[in-house]
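If you want the building blocks of each chain, they are given just below.
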Amino acid sequence: MTEVSSSPAPSASPPASADADAGLRMELGPAQEAARAAFAAWASEHVAPHAGAWDRAAATPREAIGRLAATGWLGAVVPAAQGGAGMDWVTFGLLNEELGRGCSSIRSLLTVHSMASYAVLRFGSRAQKERWLPLLARGEAIGAFALSEPNVGSDASAVETVATKDGDGWVLDGRKKWTTYGQIADVFLLFAKAEGKPVAFLVERDAPGLTVEPLRGITGTRASMLAELRLEGCRVPAEARLGGVGFGLGIAVATLEVGRYSVACGTAGIIRACLDASLAYAGERVQYGVPIGQHQLVQRMLAGMAAGARAAHWLCLRAGWLRDAGDPAAAHETFVAKYFASTAATQAALDAVQIHGANGCSEDFPVERYLRDSRVMEIIEGSTQIQEIAIARGELAA
Amino acid sequence: MTYYHIREMTNDEIKARVREFVSRFFRGHDLQDNEDLFATGYVNSMFAMQLVQFVESDFGLAVESEDLELDNFRSLDAITALVQRKSGAAV
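Those sequence lines, one after another, are chains E and C. Counting from 1, one number per residue, gives the positions in the first sequence under the working numbering. Counting from 1, one number per residue, gives the positions in the second sequence under the working numbering.
So here's chain E without its partners, still in its complex pose (with noise of 0.2 angstroms):
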């Protein structure tokens, strides 16, 4: 045991310098600085205080989405032009952060949402556009994503749904596994195959021939309200397609890019919370006569939390600001930012459960929320292993 030095904590953020000329300067604008601000706010209100009733209840609701639809924040990728938030990538990143330090459910919701908006955006015909930006812009709509399949997880290539023309329109026949909030959806982008090449479409809720089952029973962001979508016979009208026969995997691959640079920012947000309630934690259970914060191991566990969270969040911001910026290594910088986020989100769960000892295997407290939330951090939008391979492939190319 050893006293606790009683320097402040290093700041997250380094002071501006004096010299614009110094060089490096790592710190947000101050748009971007009052934006972070009023996420945070925002999310210790709405989203942190209920995120674990809604993880008991399996559900998120409506009121719940209702109240982020009426912060515009759903359009967060969409042009102001095009009734969106028109946010820069950066922003949308500690929107992400900062939503996910409340709860992953209702980050995934914006995940999935903004994957969908974006492939609209990008890939969408002028009337796709025209029809469902402004809807998922002011989250009138709420979007998903339909590409992972009971066989079919990390091998997008591989997707069994197949889409057989039919007069003006198509028919889709397969099943769709694991949809992030698919319960309540009013538009998958959904993968198929015609023909043996891969192809896009939107489909609507209502569209004949498709079954919605919820999932239940799930490990984390169980507030997700996954679903199975059964496709029988499903008919859709030509206009459905997104983006041509054989695009289909670009689309997927190209959206995958904007859900993976989302949970990699909602994973450092998983950290800060793992950090905040654990320094909490440390400052007041008293053991051996001392608050547990002044032993060293768990000082160890604390700084490792303290590390993790500034790297993630670091590395987020600079795949954001790649991403603005257009630089195609943004992608690279993706891979690695959600690499690192979602395994070191694991041991800060891991820590932070072990902190909080018989407690942190309670409801009562969030952590163990986290601990689960963090292991679908680590599958979601690319396993590990996956990302460990597009890393090193990446690096090796370079």
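Just so you know, these hints were derived from the structure itself, not from any lab. Quick caveat, the model's predicted, so the values are computed rather than measured. In this text, a Cβ means the ideal position worked out from N, Cα and C, and glycines have one as well. It is possible that part of the hints are untrue.
Simulated crosslink set (BS3-like; lysine-lysine; CA at most 27 angstroms straight-line) [to be verified]:
| id | chain 1 | residue 1 | chain 2 | residue 2 |
| --- | --- | --- | --- | --- |
| 1 | E | Lys129 | E | Lys197 |
| 2 | E | Lys197 | C | Lys86 |
| 3 | E | Lys129 | E | Lys165 |
| 4 | E | Lys197 | E | Lys165 |
| 5 | E | Lys129 | C | Lys86 |
| 6 | E | Lys129 | E | Lys193 |
Looking from chain E toward chain C, a few residues come up when the C-beta cut is under 7 angstroms (computed) [said to hold, decoys possible]:
| id | residue |
| --- | --- |
| 7 | Phe123 |
| 8 | Gly124 |
| 9 | Ser125 |
| 10 | Ser157 |
| 11 | Pro198 |
| 12 | Gly243 |
| 13 | Gly244 |
| 14 | Gly246 |
| 15 | Phe247 |
| 16 | Leu249 |
| 17 | Gly250 |
On the provided structure of chain E, position chain C as indicated by the hints.
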């Protein structure tokens, strides 16, 4: 090559740039101008989108939804024609 000069590029110059990029995926294969790239077996499902990104980044063009048809990317000739059509380049 920078896309700022695309409007002054000739058909042959555009095609040469397209050939240079596409040939990276077809090492050891003598590509014909009208050869079906997707029928060769050299490329995977991602190749079509890589061609889209190439056209956008190298020529500074916005590939719209209505352009996302495989026929626009099926051969060196087709990609060259798409670039010309989108840019109004000299022939």
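Against the structure, the hints come out as follows:
1. Annotation: proposed proximity of E:Lys129 to E:Lys197 holds, straight-line Cα distance about 24 angstroms (limit 27 angstroms).
2. Between E:Lys197 and C:Lys86, the direct Cα distance comes to roughly 25 angstroms. Compliance with the 27 angstroms bound is thereby established for this hinted pair.
3. Our distance criterion of 27 angstroms between C-alpha atoms is met by E:Lys129 and E:Lys165, whose separation comes to about 23 angstroms.
4. The hinted pair formed by E:Lys197 and E:Lys165 meets the criterion: a straight-line CA distance of about 13 angstroms does not exceed 27 angstroms.
5. For the hint pairing E:Lys129 with C:Lys86, the CA-to-CA distance comes to about 21 angstroms; that is within 27 angstroms, so the pair holds.
6. With a CA separation close to 23 angstroms, the supplied pair E:Lys129 and E:Lys193 stays within the 27 angstroms bound.
7. Taking 7 angstroms as the C-beta cut-off, the interface hint given for E:Phe123 holds, the closest approach to chain C being about 6 angstroms.
8. Checking E:Gly124 against chain C by beta carbon gives a least distance of about 6 angstroms; that is within 7 angstroms, so the hint holds.
9. The beta carbon of E:Ser125 is positioned within 7 angstroms of a beta carbon in chain C (closest approach about 4 angstroms), and the interface hint is therefore held.
10. A distance limit of 7 angstroms between C-beta atoms decides the matter here; for E:Ser157 the minimum to chain C is near 5 angstroms, and the interface restraint holds.
11. A distance limit of 7 angstroms between C-beta atoms decides the matter here; for E:Pro198 the minimum to chain C is near 5 angstroms, and the interface restraint holds.
12. At about 4 angstroms, the closest approach between the beta carbon of E:Gly243 and any beta carbon in chain C falls short of 7 angstroms, and the interface hint on this residue holds.
13. Taking 7 angstroms as the C-beta cut-off, the interface hint given for E:Gly244 holds, the closest approach to chain C being about 4 angstroms.
14. Because the beta carbon of E:Gly246 sits about 4 angstroms from the nearest beta carbon in chain C, less than 7 angstroms, this interface hint is met.
15. Hint status for E:Phe247 relative to chain C: holds, with the closest Cβ pair at about 5 angstroms, below 7 angstroms.
16. Against a cut-off of 7 angstroms between C-beta atoms, the interface hint on E:Leu249 holds, since the closest Cβ of chain C lies about 4 angstroms away.
17. The criterion of a C-beta within 7 angstroms of any C-beta in chain C is met by E:Gly250, whose closest approach is roughly 2 angstroms, and the hint holds.
Violated hints: none; the structure is consistent with every hint.
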